[in-house]
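Protein chains in written order, with numbering that gives the first Met the number 0: chain X, 0 to 334; chain S, 0 to 497; chain R, 0 to 325.
Hints may be right or wrong, so weigh each one.
[Unchecked claim] Derived BS3-like pairs (lysine-lysine); straight-line CA-CA distance at most 25 Å:
| # | chain 1 | residue 1 | chain 2 | residue 2 |
| --- | --- | --- | --- | --- |
| 1 | X | Lys226 | R | Lys317 |
| 2 | S | Lys386 | S | Lys339 |
| 3 | R | Lys317 | S | Lys137 |
[Said to hold, decoys possible] Going by beta-carbon spacing under 7 Å, a handful of chain X positions derived as facing chain R:
| # | residue |
| --- | --- |
| 4 | Pro134 |
| 5 | Met140 |
| 6 | Asn144 |
| 7 | Ile145 |
| 8 | Lys147 |
| 9 | Gly148 |
| 10 | Asn264 |
| 11 | Met277 |
| 12 | Asp309 |
| 13 | Ile310 |
| 14 | Leu312 |
| 15 | Ile313 |
| 16 | Gly316 |
| 17 | Val319 |
| 18 | Val323 |
| 19 | Val327 |
Everything labelled a hint here was simulated from the structure, so no lab data went into it. Each residue gets a CB set at the ideal place from its N, CA and C atoms; glycine is no exception.
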Amino acid sequence: MPGPEKETEGNVEKIKQHPFVKKVGFNRVILFCVMILMYLAFAIMVPGFFGLARIMSIMNYVYFLGFLSLGVTFVIATGGIDFSIGPVMFCCGLISGYTLVNKGAPVVAALIISVLIGFLFGVFNGYLVSYWTIPPFIVSMASMNIAKGIAAVYTKTQSVSWPLSNDPAGGWFRNLVSCNGFPVGLVIFLVAAFICMIVLNNTKPGRYILCLGSNREAVRLSGVDTKKWEMLAYVICGTLVGIAAIFFVGAYTTVQPGYGDQYNNEAIAGCVMGGTSMVGGLASIGGTVIGVLIISLLQEGILALGFAKDIQLIVTGLIVIVVVYADVMARRRKN
Amino acid sequence: MADAILTMEEIDKSFPGVHALDHVHFDVQCGEVHALMGENGAGKSTLMKVLTGIYSKDSGTITYEGKEVAFSNTREAQEAGIVIVHQELNMVGDLTVAQNIFIGREFMKGFTIDDKKMIEESKKLFDELKIDINPRDKMSDLTVGKQQMCEIAKAISHKAKVIIFDEPSAALTEKEIEDLFTIIRDLRSKGLAIVYISHRMDEIKVITDRVTVMRDGGYVGTLITKECTKEDIINMMVGRVIYEDPKTESKVPKDAPVVLKVEHLNAGRMVQDVSFELRKGEILGFSGLMGAGRTETARALFGADPKTSGDIYVNGEKVTINSPQDAVKHGIGYLSEDRKRYGIVVQKTITENSTMATLEKYMSGIFINKSEEKKITEKYIKELATKTPSSDQLVVNLSGGNQQKVVIAKWLVRDCDILIFDEPTRGIDVGAKNEIYKLMNRLAAEGKSIIMISSEMTEILRMSDRIVIMCEGKKTGELDISEATQEKIMSKATRDIA
Amino acid sequence: MTKKKSILSDQRFIVLLVIVALIVIYMIFSPEFRKYSSILSMLDFSYYDILMAIGVTFPLITAGVDLSIGTGMVCYALIAGKLIRDFNCPVVVAMLLCVLFGLIVGLANGALIGVMGLPPFLATLCTCMITRGISSMVMATPWPTTKQPGGWFHSIFKLTFGTGRNALKIPIGFLVVVILVLVMEFVLNHTKFGRYTIAIGSNKEAVTLSGVNVKFYHVMAYAICGVFAGLAAIAYAAVVPTVQPGTGAGLELDAIGGVFVGGVSATGGYGSVIGTLAGVFVIVLLKTGLPYVGLQANWQQIITGIVLIGAVMIDVAKRRRMAKEQ
Numbered sequence: 000m001p002g003p004e005k006e007t008e009g010n011v012e013k014i015k016q017h018p019f020v021k022k023v024g025f026n027r028v029i030l031f032c033v034m035i036l037m038y039l040a041f042a043i044m045v046p047g048f049f050g051l052a053r054i055m056s057i058m059n060y061v062y063f064l065g066f067l068s069l070g071v072t073f074v075i076a077t078g079g080i081d082f083s084i085g086p087v088m089f090c091c092g093l094i095s096g097y098t099l100v101n102k103g104a105p106v107v108a109a110l111i112i113s114v115l116i117g118f119l120f121g122v123f124n125g126y127l128v129s130y131w132t133i134p135p136f137i138v139s140m141a142s143m144n145i146a147k148g149i150a151a152v153y154t155k156t157q158s159v160s161w162p163l164s165n166d167p168a169g170g171w172f173r174n175l176v177s178c179n180g181f182p183v184g185l186v187i188f189l190v191a192a193f194i195c196m197i198v199l200n201n202t203k204p205g206r207y208i209l210c211l212g213s214n215r216e217a218v219r220l221s222g223v224d225t226k227k228w229e230m231l232a233y234v235i236c237g238t239l240v241g242i243a244a245i246f247f248v249g250a251y252t253t254v255q256p257g258y259g260d261q262y263n264n265e266a267i268a269g270c271v272m273g274g275t276s277m278v279g280g281l282a283s284i285g286g287t288v289i290g291v292l293i294i295s296l297l298q299e300g301i302l303a304l305g306f307a308k309d310i311q312l313i314v315t316g317l318i319v320i321v322v323v324y325a326d327v328m329a330r331r332r333k334n
Numbered sequence: 000m001a002d003a004i005l006t007m008e009e010i011d012k013s014f015p016g017v018h019a020l021d022h023v024h025f026d027v028q029c030g031e032v033h034a035l036m037g038e039n040g041a042g043k044s045t046l047m048k049v050l051t052g053i054y055s056k057d058s059g060t061i062t063y064e065g066k067e068v069a070f071s072n073t074r075e076a077q078e079a080g081i082v083i084v085h086q087e088l089n090m091v092g093d094l095t096v097a098q099n100i101f102i103g104r105e106f107m108k109g110f111t112i113d114d115k116k117m118i119e120e121s122k123k124l125f126d127e128l129k130i131d132i133n134p135r136d137k138m139s140d141l142t143v144g145k146q147q148m149c150e151i152a153k154a155i156s157h158k159a160k161v162i163i164f165d166e167p168s169a170a171l172t173e174k175e176i177e178d179l180f181t182i183i184r185d186l187r188s189k190g191l192a193i194v195y196i197s198h199r200m201d202e203i204k205v206i207t208d209r210v211t212v213m214r215d216g217g218y219v220g221t222l223i224t225k226e227c228t229k230e231d232i233i234n235m236m237v238g239r240v241i242y243e244d245p246k247t248e249s250k251v252p253k254d255a256p257v258v259l260k261v262e263h264l265n266a267g268r269m270v271q272d273v274s275f276e277l278r279k280g281e282i283l284g285f286s287g288l289m290g291a292g293r294t295e296t297a298r299a300l301f302g303a304d305p306k307t308s309g310d311i312y313v314n315g316e317k318v319t320i321n322s323p324q325d326a327v328k329h330g331i332g333y334l335s336e337d338r339k340r341y342g343i344v345v346q347k348t349i350t351e352n353s354t355m356a357t358l359e360k361y362m363s364g365i366f367i368n369k370s371e372e373k374k375i376t377e378k379y380i381k382e383l384a385t386k387t388p389s390s391d392q393l394v395v396n397l398s399g400g401n402q403q404k405v406v407i408a409k410w411l412v413r414d415c416d417i418l419i420f421d422e423p424t425r426g427i428d429v430g431a432k433n434e435i436y437k438l439m440n441r442l443a444a445e446g447k448s449i450i451m452i453s454s455e456m457t458e459i460l461r462m463s464d465r466i467v468i469m470c471e472g473k474k475t476g477e478l479d480i481s482e483a484t485q486e487k488i489m490s491k492a493t494r495d496i497a
Numbered sequence: 000m001t002k003k004k005s006i007l008s009d010q011r012f013i014v015l016l017v018i019v020a021l022i023v024i025y026m027i028f029s030p031e032f033r034k035y036s037s038i039l040s041m042l043d044f045s046y047y048d049i050l051m052a053i054g055v056t057f058p059l060i061t062a063g064v065d066l067s068i069g070t071g072m073v074c075y076a077l078i079a080g081k082l083i084r085d086f087n088c089p090v091v092v093a094m095l096l097c098v099l100f101g102l103i104v105g106l107a108n109g110a111l112i113g114v115m116g117l118p119p120f121l122a123t124l125c126t127c128m129i130t131r132g133i134s135s136m137v138m139a140t141p142w143p144t145t146k147q148p149g150g151w152f153h154s155i156f157k158l159t160f161g162t163g164r165n166a167l168k169i170p171i172g173f174l175v176v177v178i179l180v181l182v183m184e185f186v187l188n189h190t191k192f193g194r195y196t197i198a199i200g201s202n203k204e205a206v207t208l209s210g211v212n213v214k215f216y217h218v219m220a221y222a223i224c225g226v227f228a229g230l231a232a233i234a235y236a237a238v239v240p241t242v243q244p245g246t247g248a249g250l251e252l253d254a255i256g257g258v259f260v261g262g263v264s265a266t267g268g269y270g271s272v273i274g275t276l277a278g279v280f281v282i283v284l285l286k287t288g289l290p291y292v293g294l295q296a297n298w299q300q301i302i303t304g305i306v307l308i309g310a311v312m313i314d315v316a317k318r319r320r321m322a323k324e325q
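Please construct the entire structure, taking both the sequences and the accompanying hints into account.
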């Protein structure tokens, strides 16, 4: 509609914030504090929670979930959604693992296959969403089914176990996760997160991905190939999912066909918790990283407290509701 | 003077940081059309929202039919007989006309909706208003004008005593406006009280009895329309006289090079065999009624919508334009009529919007050079006199006129030589309008070529060097400004309609 | 501007053709499929999908979605099953409780989306996680079998006369769901609730300004969806030997996919429950029928995915053509 009147003009005076806080974002700071508090709470409640072993165990979860979350951050920034990431990750792990174990492919090839499959799913999703304008959630529903189906058909519905670290031929890939107790995975993950942050904030694809999440038509009419950039977001997501699969098998060895759904929820939760908006146009990689840490911490802590793992689902669900509601309220106040 | 059916006194309303209404007074009588005027942000819409219960007032009294009232939602106001016909059409496209008119108060037969009765009642309404609309049609299949008529029918069906028209003519054709005025006069003679909010000075003079002017949330004064001039009203609105005179002759030399030539452009029903030329430094006006195919022509030319056939020449060279990317590559920029949807990314900063079309120029390697970006943005903020605290301001916080300047900056950063302004001043207040006009004239003087699509006759006559007139998807005429008159344009714009 | 619509352009008609074609293909290639018992079992496994789909049609028409129906259904069936086993709860009460749980979760979804304004995906993703978490904490408990006391509830879906091999089994469940479909189709087209559901999907702002209590009807759409998920729980318990804790994720996709195949617009504002029935049937035929023609069961997932994309592609192509004609 032609520019409706804006009666509430003038900017609401903001509370003065420290430049650092302003740069990182107030919500991020709060989120970080929540994380620390949570860790302390678990450390008090669970004897022996405080310690390196526990942190390493949390980290195992952080790696693969982190890559999933980083990927889906790009998609959500465009205003889309992808909840095929969990099953696609399993599909990557299964197919490459099956090729490795049952067909005798070298580990390097298996790793490449894993990333490649993720990439192909990204291309598939992205193409349908951007060039066919099929709503993202329908596309991801379909590719979720397809990923599960392909994995099950290829592996003949068997679970696949990747070589252990003492395996002379293929065990070396586990060094990517942890090498003599040094968390290599953490370094890789943080580097990846940093690259994602640069891509999102300081490069052309990132700028366009964020802008088209906010107003696609305006970007298109500026002479930008929105379809290309939108598709790219899904491709980035898919590729990161392929990498996530490597870290998943690196930490947990066995993959079973037909599963993986729950990781969608956790990855999306981590991303949304970190301040990436479902309405599109707003994304924070730093937030995503903290969100992932919180979810991983939560699942480890709840297990350590002696509850079933699934309580974590309930808690995560509730947290996401609260966080998203806060986001919705903040937007409403702004308007 | 007759007694007022509705009186609002000392209405006060604040939002965080904004004093939106400052002790405003307003009243309307039965059998009168009362205009409510003011620049954007003057508080007109807020006042009406307070009246109909969308906002609650901080203080003041509303007296309606002799009793003090305070509606808590639109429904209560409707039931009491106060109805708004909104500027933005509030129709549910997937439902039929009858279903829309009676939405929220369907006739029921037990548990089920009595659609038959609703259709009958709608027919009666349309007969009464002498409008030809089939109540069974799907709303999204109607033209904007007919949808507006449905809104009015809906308002009347509420047994309304006070009808508020919020910029009703913004999307109507001249002919439809005539129809609208006939209906309004009819309603007035039946003793209804009508509040008419509009930016168009001509209409105010034609249709209203009294004018109340607001400025910056405050009440300025009320005049009897017959006893005042346009300038009086404008002075009250902005405190200065600003109207320029119409252009009488073009300063563009006859032999100026042709920068854009369009031949036999076809795109769907709305663009049929359109050909025209645009010269360097010229402002080419596109006139015609709403739905004449002007925007569609521009969008097809720009590659925003697919075209079926047609040749486009830029600077004498034939070019293929299949997408906005192609158009931008050839130095064409398009400023949409609908800024919020097609022009700006509201949640992003001025900088990000300004360099949207030109990002590759502000890269160092694969990274965006943010300081260069900022520099160029600030240059254009200064040059276009955009009112903003900084280039990091989110565009959503700017007023309509300043948002338009950001869009213009986007194309100037890109250094486009051909600019298509589609309704450049829609929804922009009088003061900012004038600035946009000056800017367009300056750009043309600097050698840019401009296509200006406008539904306002005064705007067309004031700005254009030449005028192309369209009607029902076809080009029906072309006039030089020296020979153009309102009558000539009108006759060409309505050629086939009769 | 009244346009005559040819029957061919109605997606429901195309879907019907697909159903017939699938059945014919199966019949030709699989002698097994021609048996009455196969058809019976296929129908048995279709009821819960159909019931979920009827429900989720409403949120989808409002341009929302409910991802919690699958895990929700399993969760209700589990809790009710546990009550029957361990607390001697009569089956009737358990069934009512299923519906009640569904209603509660539906209302919660509705409140989150309609009142608090959360995006439907996220809100229902959260309730999906929550119901799944709850269901994981309940031990797997089978509902009574046909022969056990309380097993009468199976007769809602399958009437059995006689015993053993010669027992006559009538799939009256199909009749039940068809009646429910017709009732809900009527509700959608001829009641305020239905009309506002469509209107919310088409232009929510306009409905609000018309003085309609939009929040109420928005919540109602999700509540209805929840109630049908509760009904689906009963149907699910009737056919699945043991309801497994923590499962159910992915089941909602069959139902939602069916709705889209049935022609509900992916952007809301248009839909029909009869179309949903037809659409779900396509999915069910693919799900249960493919093994009969010698395809591994897992191919079904792949094909379902492709069919879903295909159905929406038709919708997209149709709309593009319409846009081009204008």
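Status of each hint after checking the structure:
1. Straight-line distance between C-alpha atoms of Lys226 (chain X) and Lys317 (chain R) comes to about 20 Å, which keeps the hinted pair within the 25 Å bound.
2. Restraint check for Lys386 (chain S) and Lys339 (chain S): satisfied, since their Cα atoms lie roughly 18 Å apart, inside the 25 Å limit.
3. Taking the CA atoms of Lys317 (chain R) and Lys137 (chain S), the gap is near 18 Å; set against the 25 Å cutoff, the hint holds.
4. Residue-level restraint check for Pro134 (chain X) holds (minimum Cβ-Cβ distance to chain R is 5 Å; threshold 7 Å).
5. Look at Met140 (chain X): its Cβ gets to within about 5 Å of chain R, closer than 7 Å, so that hint holds up.
6. For Asn144 (chain X), the interface hint holds, the least distance from its beta-carbon to any beta-carbon of chain R being 4 Å, beneath 7 Å.
7. At about 4 Å, the closest approach between the beta carbon of Ile145 (chain X) and any beta carbon in chain R falls short of 7 Å, and the interface hint on this residue holds.
8. Because the smallest distance between the Cβ of Lys147 (chain X) and any Cβ of chain R comes to about 5 Å, under 7 Å, the interface hint for this residue holds.
9. This hint holds: Gly148 (chain X) has a C-beta 3 Å from the nearest C-beta of chain R, less than the 7 Å allowed.
10. Checking Asn264 (chain X) against chain R by beta carbon gives a least distance of about 5 Å; that is within 7 Å, so the hint holds.
11. Taken as an interface hint, Met277 (chain X) checks out: its beta carbon lies about 4 Å from the nearest beta carbon of chain R, inside 7 Å.
12. At its closest, the beta carbon of Asp309 (chain X) sits 3 Å from a beta carbon of chain R; the interface hint therefore holds under the 7 Å criterion.
13. Look at Ile310 (chain X): its Cβ gets to within about 6 Å of chain R, closer than 7 Å, so that hint holds up.
14. For Leu312 (chain X), the suggested interface contact is upheld, since its CB lies about 4 Å from the closest CB of chain R, less than 7 Å.
15. Hint on Ile313 (chain X) holds. Least Cβ distance to chain R is approximately 4 Å, under the 7 Å limit.
16. For Gly316 (chain X), the shortest C-beta to C-beta distance to chain R is roughly 4 Å, which falls under 7 Å, so the interface hint holds.
17. Satisfaction of the interface hint for Val319 (chain X) is found here, the shortest Cβ-Cβ separation to chain R being roughly 5 Å, below the 7 Å cut-off.
18. Given hint, Val323 (chain X) at the interface with chain R, holds; its Cβ is 5 Å from that chain's nearest Cβ, closer than 7 Å.
19. The interface hint given for Val327 (chain X) is met, as the beta carbon of that residue sits about 5 Å from the closest beta carbon of chain R, less than 7 Å.
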